[in-house]
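**Student:** Sequence:
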Amino acid sequence: MYQQHHCLSINYMESPSSLPFGLHVRSLLYDFSFVSSVKLISCSYKVLRVFDFKKRSTIWDLVIGYENLVHLRYLAIPFICQPLDLERFHKLEFLVVDNGDEVEIPEILLNMVSLRHMEFKGGAYFGESSCQLATNSKSFQINILQSISVLSIHNEMDEKILRCLPNLQRLKSKFKTSLNHSFDFLNQLESLNLFFYSTNLIGLPLNLKKLRLQFGDVSRKQMEIIGRLPYLEVLKLESVVFEGEQWNTSEGEFPQLKYLKHVRVFIVEWNASSDNFPRLQLIVLNFCRNLKMIPSSLGDIPTLQKIQVYRCGQTINESAKKIEEEQKEMGDEELEVIISE
1 MYQQHHCLSI NYMESPSSLP FGLHVRSLLY DFSFVSSVKL ISCSYKVLRV
51 FDFKKRSTIW DLVIGYENLV HLRYLAIPFI CQPLDLERFH KLEFLVVDNG
101 DEVEIPEILL NMVSLRHMEF KGGAYFGESS CQLATNSKSF QINILQSISV
151 LSIHNEMDEK ILRCLPNLQR LKSKFKTSLN HSFDFLNQLE SLNLFFYSTN
201 LIGLPLNLKK LRLQFGDVSR KQMEIIGRLP YLEVLKLESV VFEGEQWNTS
251 EGEFPQLKYL KHVRVFIVEW NASSDNFPRL QLIVLNFCRN LKMIPSSLGD
301 IPTLQKIQVY RCGQTINESA KKIEEEQKEM GDEELEVIIS E
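According to the UniProt record's numbering, the sequence shown holds residues 1 to 341 in order.
Don't take each hint at face value.
Said to hold, decoys possible - In silico DSSO-like links for lysine-lysine, alpha-carbon gap of 30 Å or less: (1) K292 - K328; (2) K176 - K261; (3) K209 - K176; (4) K91 - K172; (5) K172 - K261; (6) K328 - K306; (7) K236 - K306; (8) K176 - K138; (9) K91 - K138; (10) K172 - K258.
Think of the hints as simulated: they come from the structure by calculation, not from any bench.
Take the sequences, apply the hints, and build the full model.
**Tutor:** Dropping the structure here:
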């Protein structure tokens, strides 16, 4: 009955004796809660491309025959609890590790010729051997890698490795140092997600389109750097404290920004004009209780479609309603204002 299937999804309710094996299967998704079931993996799946086995309650050590899956393009596992013979996976493009604690990124991953995406859900860091590799070899480059998540940055050596990733497009990272950091050398980076813990961020790549900052202080200088990014379309600030609890935007800033989101942002005064956000379409404010009001001039932005306010306090609610009323008086019936508690 399974001969026509190229994708199998197997959960813990299925009896081990009924599990199918066959050379035709391309994708295998496991969701087991019983360790004994894991032993059924074997080298029978010769042409398997996708192997999703990231449920944490299972024990990856008991998987039998995984090293024979040499045609894998996508591999998702619960954690790296033993050395994996990753050299055999020369066609692997996606690696997802559902780890609980931070793990060291195996050096072999930096040498895999097809690997484009690495995701460590619990965080990962470059080990000493990887740092030595980037330092000792001037010609060392990782041209194929396009995304890393979640990378912990501890020191300048981590930055040296990042400089060896000229085609990195997406990065999710958290800083564990108070040193100055700049990402302006990542010329192809389009999406950046930072847990930055008061780090002094002094440079960003000009091609950036999406930026998310979480848990830290933002200086006026840093906001000026962000505002000058020529292609930035999405800006999300979460649990961020503005210097002086004030945000003053200048003419010409945020020329391409379409989506602005503030969540638990510590800001009292926001001074802006419609010239600052000429292409803005959506404003989302959640739990911004210290903010006095939304600048009324933002209602004059011709592209603005929606303002969403959630649990931000009475004064913000009133300013949002006032913007909506003013725009209706001017004949703009398309602006939508949503206020909820």
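**Student:** Need the status of pair K172, K258: alpha-carbon distance at most 30 Å?
**Tutor:** Given pair K172, K258 holds - Cα atoms ~21 Å apart, limit 30 Å.
**Student:** If you draw a straight line from the CA of K209 to the CA of K176, is it 30 Å or shorter?
**Tutor:** Holds - the C-alpha atoms of K176 and K209 are around 25 Å apart, at most 30 Å.
**Student:** Would you mind confirming whether the straight-line C-alpha gap from K172 to K261 stays at or under 30 Å?
**Tutor:** 18 Å, holds
**Student:** Given the hint that K236 pairs with K306, test it: the Cα-Cα distance must not exceed 30 Å.
**Tutor:** 16 Å, holds
**Student:** What's the verdict on K292 and K328, does the C-alpha distance respect the 30 Å limit or exceed it?
**Tutor:** 23 Å, holds
**Student:** Decide if the proposed pair is consistent with the structure: K176 and K261, CA atoms, cutoff 30 Å inclusive.
**Tutor:** This hinted pair holds, its Cα atoms lying about 25 Å apart.
**Student:** Between K176 and K138, does the CA-CA distance stay at or below 30 Å?
**Tutor:** With a Cα-Cα distance of about 26 Å, the restraint between K176 and K138 holds, given a limit of 30 Å.
**Student:** Verify the proposed pairing of K91 with K138, using a straight-line Cα cut of 30 Å.
**Tutor:** The hint holds at about 26 Å.
**Student:** Measure nothing beyond the straight line between the CA atoms of K91 and K172; if it is 30 Å or shorter, mark the hint as holding.
**Tutor:** 24 Å, holds
**Student:** Given the hinted pair K328 and K306, is their Cα-Cα distance within 30 Å?
**Tutor:** It holds: about 13 Å lies between the C-alpha atoms, which stays within 30 Å.
Going through the hint list in order, the structure satisfies each hint without exception.
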